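Residues per chain, in single letters:
Number of protein chains: 2
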Amino acid sequence: MSFEIPTSEDVVDALIAKPGKSFDLKDRPTRNEDLFADKHVARASTEEDAHAINTLQDTLFAEGKQALLVILQGIDTAGKSGTIKSVFSVTSPLGLNVTAFKKPTGLELEHDYLWRVHKAAPRKGFIGIFDRSHYEDVLVVKVRELADKDTIKRRYDQINAFEKHLTENGTRILKFMLHISKDTQAERLRSRLEEPHKRWKFNPGDLADRELWDDFMDAYETMVEKCSTDHAPWYVVPSDSKSRRNAMIARIIRGTLEEMAPEYPDPGWKSEDYNF
Amino acid sequence: MSFEIPTSEDVVDALIAKPGKSFDLKDRPTRNEDLFADKHVARASTEEDAHAINTLQDTLFAEGKQALLVILQGIDTAGKSGTIKSVFSVTSPLGLNVTAFKKPTGLELEHDYLWRVHKAAPRKGFIGIFDRSHYEDVLVVKVRELADKDTIKRRYDQINAFEKHLTENGTRILKFMLHISKDTQAERLRSRLEEPHKRWKFNPGDLADRELWDDFMDAYETMVEKCSTDHAPWYVVPSDSKSRRNAMIARIIRGTLEEMAPEYPDPGWKSEDYNF
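One line per chain: the protein sequences are S and V, in this order. Here the first sequence stands for residues 1 to 276, where the numbers follow the UniProt record's numbering. Here the second sequence stands for residues 1 to 276, where the numbers follow the UniProt record's numbering.
Incorrect hints may have been included.
Label pairs and their in silico Cβ distance ranges [claimed, not checked]:
1) S/Ser271 x V/Glu145: 26 to 36 Å
2) S/Ser271 x V/His165: 41 to 51 Å
3) V/Leu114 x S/His111: 46 to 56 Å
For the record, the hints were derived by calculation from the structure and aren't laboratory data. Values in this document were obtained by computation on a predicted structure and should not be read as measured data. C-beta: ideal position from N, C-alpha, C; glycine also.
Turn these sequences into a full structure, and let the hints guide you.
Listed below in structure tokens is the structure:
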């Protein structure tokens, strides 16, 4: 049992869905203790990465040339909010923007499904976080048959083209599927019912989705296979353990920001040129 | 010399510009060590309040009925960004939204000056922070004569009516004028020139504004006098000391959120009603 912290490359290798390969969700565990054997190490690592992410974000903001978009997808209770709270716990709110995509409004439905998404894309210098995203349009929309099959089939390529467009125009994209077991969901739904501070999160409608568990998993599998691309691969994150989920995601986000290597601009002002 | 932490009421009393009274900016110090004599106590107090603000914000978000709007105004280097970074250092980004108002775009100028502001108003459950605001329309616009005098004169009442509207519809408003001395600005501008990580913030245009210091202070004075209302009073924060500025603002924000008294909703679900 190793207590060392894995590199972000280790985590990438363990979680990535290789672009262009077939993908089977059954091969992906919902719990993985290989990378972070010890919970306390996972928590300490997340905290350290959160501080590093804050520093990198400051530089990204000052530089004002690139953006990072973090997309979080997962079934109810998979931990999208919890991930945001812990990984971005100390990031300055100045250059951070969270968009929670809910059921589309009437106005949104009068446009194509990427319209509201494009509007929420992070501006240069920002980290944008999507809590759900355009992927709902090939997940719940598919499972609930809210659009016809041909329409949905065309969306995978449309999404890939859209994400390629964003990438080519200065936005790095990270996509995390938070992967939990059906038992873990039952546990978490029960705790939403039992704990007074969580009760507001419970929605009987979530149980209807739970009954369609297998259909949702099939839709996730197709989504990952079709939309894991070189410019924006999917990472499938074992998320039954919250501390390890946070630690793995924080490692990848920090590593990506380090790769983006933002720099403080030097506009060339010289103090001797100014007198005041 | 007391090391006790002042109550938020103490801070409110010390900083408020009383609605309906004449207001003289010269009576307001840019440094005040009465409330927080010791810097370290000020820092510890800010940190504790930041955690309390995070907890209150969680409840506000769960409740989803009220919003808080924090407006920060101040001359260049007064510390608007620094305040946001320290007071909201640990607030979950899920229910927080910062809007930095810059020079209006062409589209924004095609609308009345409150159009872009109203669009950025926080949604229910959120804390919205304005880094600059509609008050620029009676500050820089007045000093630089970007609108005619009668137009500007009418704006104070329009702004009061707009803020009353927001307040009556569930948004509590807090307005902080960060008040620094001309010497402090010189020091901070110099450090922007000298420190490589701050150089990107320096803008030679700021020096042109600095030459109009007295005109800006007159405009601030009028703004505070005319727009400190019962529903949305101005707080004039001595801001030469960053640690004390943060501590005073954090006290007032925490106190206000406590007054708003958000509560976790209880939708009445009972765990025995659900089986899964």
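request  = For the range 26 to 36 Å, tell me whether the beta carbons of S/Ser271 and V/Glu145 fit it or not.
outcome  = holds, 31 Å
* Falls inside 41 to 51 Å, the C-beta gap from S/Ser271 to V/His165? -> holds, 47 Å
Distance restraint hint 46 to 56 Å, applied to the beta-carbon atoms of V/Leu114 and S/His111: Since V/Leu114 and S/His111 have Cβ atoms about 26 Å apart, the given range 46 to 56 Å is violated.
Hint compliance for this structure: hint 3 is the single one not met.
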